[in-house]
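The chain contents come next:
Number of protein chains: 2
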Amino acid sequence: MKAVTLDNIDDFVAGAAVLGAGGGWGPHIPMLMVKDAVRRYGPVPIVQPDDLPADGLVIPVGAGGAPTALIERFFEGSEWRIAVRALEKRLGRKAVALMAAELGGGNAVLPVAAAAELGLPAIDADGMRRCFPKVEMTLWQLEGVPASPGVVADTKGNVVLIEGVDNYEVERITRATLVQMGMMAVAAMYPMTAQRVQETSIIGSLTYCHEIGKRLRAVAGGAGNGYDDLLEFCEGRIVFTGKVIDLERRTEGGWNLGTVTLEHVEDSDRIMRLDFQNENLVALENGRPVVTSPDLITTLDVETAQAVLTDGLAYGQRLHVLATPAHERWLTPEAIDLVGPRAFGYDLDYVHFFEGATA
Amino acid sequence: MKAVTLDNIDDFVAGAAVLGAGGGWGPHIPMLMVKDAVRRYGPVPIVQPDDLPADGLVIPVGAGGAPTALIERFFEGSEWRIAVRALEKRLGRKAVALMAAELGGGNAVLPVAAAAELGLPAIDADGMRRCFPKVEMTLWQLEGVPASPGVVADTKGNVVLIEGVDNYEVERITRATLVQMGMMAVAAMYPMTAQRVQETSIIGSLTYCHEIGKRLRAVAGGAGNGYDDLLEFCEGRIVFTGKVIDLERRTEGGWNLGTVTLEHVEDSDRIMRLDFQNENLVALENGRPVVTSPDLITTLDVETAQAVLTDGLAYGQRLHVLATPAHERWLTPEAIDLVGPRAFGYDLDYVHFFEGATA
Numbered sequence: 001m002k003a004v005t006l007d008n009i010d011d012f013v014a015g016a017a018v019l020g021a022g023g024g025w026g027p028h029i030p031m032l033m034v035k036d037a038v039r040r041y042g043p044v045p046i047v048q049p050d051d052l053p054a055d056g057l058v059i060p061v062g063a064g065g066a067p068t069a070l071i072e073r074f075f076e077g078s079e080w081r082i083a084v085r086a087l088e089k090r091l092g093r094k095a096v097a098l099m100a101a102e103l104g105g106g107n108a109v110l111p112v113a114a115a116a117e118l119g120l121p122a123i124d125a126d127g128m129r130r131c132f133p134k135v136e137m138t139l140w141q142l143e144g145v146p147a148s149p150g151v152v153a154d155t156k157g158n159v160v161l162i163e164g165v166d167n168y169e170v171e172r173i174t175r176a177t178l179v180q181m182g183m184m185a186v187a188a189m190y191p192m193t194a195q196r197v198q199e200t201s202i203i204g205s206l207t208y209c210h211e212i213g214k215r216l217r218a219v220a221g222g223a224g225n226g227y228d229d230l231l232e233f234c235e236g237r238i239v240f241t242g243k244v245i246d247l248e249r250r251t252e253g254g255w256n257l258g259t260v261t262l263e264h265v266e267d268s269d270r271i272m273r274l275d276f277q278n279e280n281l282v283a284l285e286n287g288r289p290v291v292t293s294p295d296l297i298t299t300l301d302v303e304t305a306q307a308v309l310t311d312g313l314a315y316g317q318r319l320h321v322l323a324t325p326a327h328e329r330w331l332t333p334e335a336i337d338l339v340g341p342r343a344f345g346y347d348l349d350y351v352h353f354f355e356g357a358t359a
Numbered sequence: 001m002k003a004v005t006l007d008n009i010d011d012f013v014a015g016a017a018v019l020g021a022g023g024g025w026g027p028h029i030p031m032l033m034v035k036d037a038v039r040r041y042g043p044v045p046i047v048q049p050d051d052l053p054a055d056g057l058v059i060p061v062g063a064g065g066a067p068t069a070l071i072e073r074f075f076e077g078s079e080w081r082i083a084v085r086a087l088e089k090r091l092g093r094k095a096v097a098l099m100a101a102e103l104g105g106g107n108a109v110l111p112v113a114a115a116a117e118l119g120l121p122a123i124d125a126d127g128m129r130r131c132f133p134k135v136e137m138t139l140w141q142l143e144g145v146p147a148s149p150g151v152v153a154d155t156k157g158n159v160v161l162i163e164g165v166d167n168y169e170v171e172r173i174t175r176a177t178l179v180q181m182g183m184m185a186v187a188a189m190y191p192m193t194a195q196r197v198q199e200t201s202i203i204g205s206l207t208y209c210h211e212i213g214k215r216l217r218a219v220a221g222g223a224g225n226g227y228d229d230l231l232e233f234c235e236g237r238i239v240f241t242g243k244v245i246d247l248e249r250r251t252e253g254g255w256n257l258g259t260v261t262l263e264h265v266e267d268s269d270r271i272m273r274l275d276f277q278n279e280n281l282v283a284l285e286n287g288r289p290v291v292t293s294p295d296l297i298t299t300l301d302v303e304t305a306q307a308v309l310t311d312g313l314a315y316g317q318r319l320h321v322l323a324t325p326a327h328e329r330w331l332t333p334e335a336i337d338l339v340g341p342r343a344f345g346y347d348l349d350y351v352h353f354f355e356g357a358t359a
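Those sequence lines, one after another, are chains A and B.
In this text, residue positions in the first sequence follow UniProt numbering: the first is 1, and each later residue adds one.
In this text, residue positions in the second sequence follow UniProt numbering: the first is 1, and each later residue adds one.
Hints are computed from structural coordinates only; laboratory data are not their basis.
A hint or two may mislead.
Remember, identical chains collapse to one label, so a pair may be satisfied in a single copy or spanning two.
Claimed, not checked - For lysine to aspartate or glutamate, the following DMTMM-like pairs were computed, each having C-alpha atoms within a straight-line distance of at most 25 Å:
#1 K89 x D55
#2 K35 x D166
#3 K156 x D166
#4 K156 x E211
#5 K89 x D166
#6 K156 x E143
#7 K243 x D51
#8 K35 x D50
#9 K2 x D55
#10 K35 x D11
#11 K89 x E303
#12 K214 x D228
Just so we're clear, the structure is a prediction, and the values are computed from it rather than from any experiment.
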């Protein structure tokens with residue numbers, strides 16, 4: 001993908017919803033923002049990190065807080081400018097590009113809108129190729145890239161510059177700040193040079209997102225081979241197709257927590273439960289873990305072939321459960337410690353689902 | 001007071017404990033710090049704001065969090081430097097002096113230690129001439145001085161720069177940050193010029209503190225006229241003398257909350273209850289409000305004539321309850337709205353105790 005344009009934005013957003021794994025930020029309102037930005041400022045160039053000067057400053061941006069809050073409040077755009085400018089001021093230099101910190105839901109899309117507004121390109125890379133809900137849950141953490149200095153800014157105009165001794169401290173302070181900001185703020189963190197982006201990030205992830213979305217929308221459009229193209233491209237599998245028979249959601253300490261229970265459409269003895277903390281993290285069939293974080297678990301509406309976020313779940317929905325393998329860099333023991341099921345408090349080992357033994 | 005020296009530090013600290021009104025930071029550990037600082041760096045000059053260049057930068061500093069946390073953890077000194085330097089960097093200029101934000105408990109004393117460490121004078125002024133537990137509860141708030149930009153730094157090395165749209169927002173973000181910092185951090189906020197200090201602060205408050213402490217220590221030393229000198233100087237009254245018969249304390253959301261109940265030593269039908277939220281805020285005798293914030297309520301040990309902080313309260317203690325009038329600038333309707341009993345959630349009007357009608 002060379003640029004985000006009005007022609008490819010719908011595919012891009014559809015892919016972002018899949019990679020959001022049920023969480024992140026619902027992409028629909030961000031899509032309105034990015035469409036508006038593209039209309040106003042023109043297509044947003046997507047560049048590779050090695051297109052940029054090696055020492056050029058790249059600023060990853062994202063929105064933080066509880067996805068539910070975005071329904072009620074809407075970004076005004078200026079907070080991106082405020083956050084990026086505050087970080088630039090602290091660093092004494094200007095950014096040459098923006099980047100998505102995570103690649104899912106609204107947080108794949110919003111950085112493109114921010115880049116348009118600031119007249120910068122967006123980089124075809126991110127720190128996860130999916131979403132995770134904590135500051136330290138990035139491949140950058142594993143590569144020793146500090147999230148500090150980082151800025152959190154809200155729609156009211158509050159700006160907080162955080163310099164934590166490590167990324168866990170930044171997370172704790174950021175989370176507490178977000179709660180005070182009404183669970184709705186933008187963040188600019190993990191500033192690094194283009195060369196460090198190249199060394200530490202997942203390259204090509206915006207293109208990956210776009211390709212997934214294109215294939216998903218082909219399914220919705222009634223393309224002949226249904227999900228085959230999509231599944232082949234992302235090496236994913238539909239592990240379950242069921243109807244929502246139970247649903248529990250709560251917002252707690254800055255998190256969207258809950259579970260959704262599905263009964264298989266063809267066999268009522270088969271029950272799948274998905275546990276989510278912002279993102280879907282664990283899929284259990286009749287109590288047996290089938291897919292776990294960091295692999296992606298996404299629910300797709302059987303009728304419309306659109307990703308359904310946890311916010312959009314409802315009784316009676318018929319859903320496919322799509323499992324997509326995490327990027328291989330998430331599968332080291334160190335990475336599993338950081339983002340595997342135990343990192344979220346589940347007493348479960350990571351299931352090597354895509355190695356075939358359990359499928 | 002021209003300087004804080006080893007000769008007058010004990011008086012100064014004793015006064016700080018009175019003006020802490022039961023809260024603030026217990027002065028004993030800060031006293032060790034300031035004594036250590038004075039030994040290392042020499043006497044700390046105390047200057048008047050008009051001794052300084054009118055446009056010189058003055059930075060008020062203080063410690064934030066729950067007083068109980070200070071018992072467990074100890075400042076290392078370097079966090080003052082980090083906080084002041086971070087604020088200087090944001091403002092693009094060096095401070096010419098430090099100032100106490102509040103004048104009670106450790107927060108009257110610690111800025112003197114910080115000034116010694118940074119090689120700066122401390123100003124004979126503060127923003128309250130007592131303690132209050134929230135960022136916006138200062139006379140500076142009433143004068144329109146922003147607390148932003150402000151810095152919070154902890155002993156681990158985390159530094160957070162807060163630019164809030166108003167002082168209430170700064171308070172909310174600061175409080176949330178403090179909780180993440182383990183309720184123990186230093187703050188540098190309300191930066192202003194020496195001229196603004198002169199215009200907006202209570203001038204002479206360190207000297208006032210020292211004079212009170214001198215008189216209190218004379219009582220402890222067995223001076224002939226007991227409390228008379230002290231009461232005359234501060235226009236205070238001992239409103240009750242009783243024994244602690246009930247005590248309830250809890251730490252909640254970053255606050256030390258509780259009540260202490262005293263039975264009068266000469267008349268067991270007279271019961272006084274003090275309610276505190278960090279500081280003592282309301283004194284009720286047999287249910288009738290007698291003294292309320294912003295007037296100061298301080299408990300003094302009958303035997304030792306030392307101020308007893310809420311942390312040091314214990315069953316069976318015999319205490320004088322000393323009421324001292326707040327600075328007259330705290331008695332406007334606007335000020336009462338900010339720091340009167342209703343600002344702390346009590347369904348009580350301010351009692352004009354020192355106008356004589358109710359005493």
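Hints, verified against the model:
| no. | hint | verdict |
| --- | --- | --- |
| 1 | K89 x D55 | both (17 Å within a copy, 24 Å between copies) |
| 2 | K35 x D166 | neither (36 Å within a copy, 33 Å between copies) |
| 3 | K156 x D166 | between (28 Å within a copy, 10 Å between copies) |
| 4 | K156 x E211 | neither (36 Å within a copy, 45 Å between copies) |
| 5 | K89 x D166 | both (21 Å within a copy, 21 Å between copies) |
| 6 | K156 x E143 | between (34 Å within a copy, 22 Å between copies) |
| 7 | K243 x D51 | neither (47 Å within a copy, 77 Å between copies) |
| 8 | K35 x D50 | neither (27 Å within a copy, 57 Å between copies) |
| 9 | K2 x D55 | within (22 Å within a copy, 52 Å between copies) |
| 10 | K35 x D11 | within (12 Å within a copy, 67 Å between copies) |
| 11 | K89 x E303 | neither (49 Å within a copy, 57 Å between copies) |
| 12 | K214 x D228 | within (13 Å within a copy, 86 Å between copies) |
Checked against the numbered hints above, the structure violates hints 2, 4, 7, 8, 11; every other hint is satisfied.
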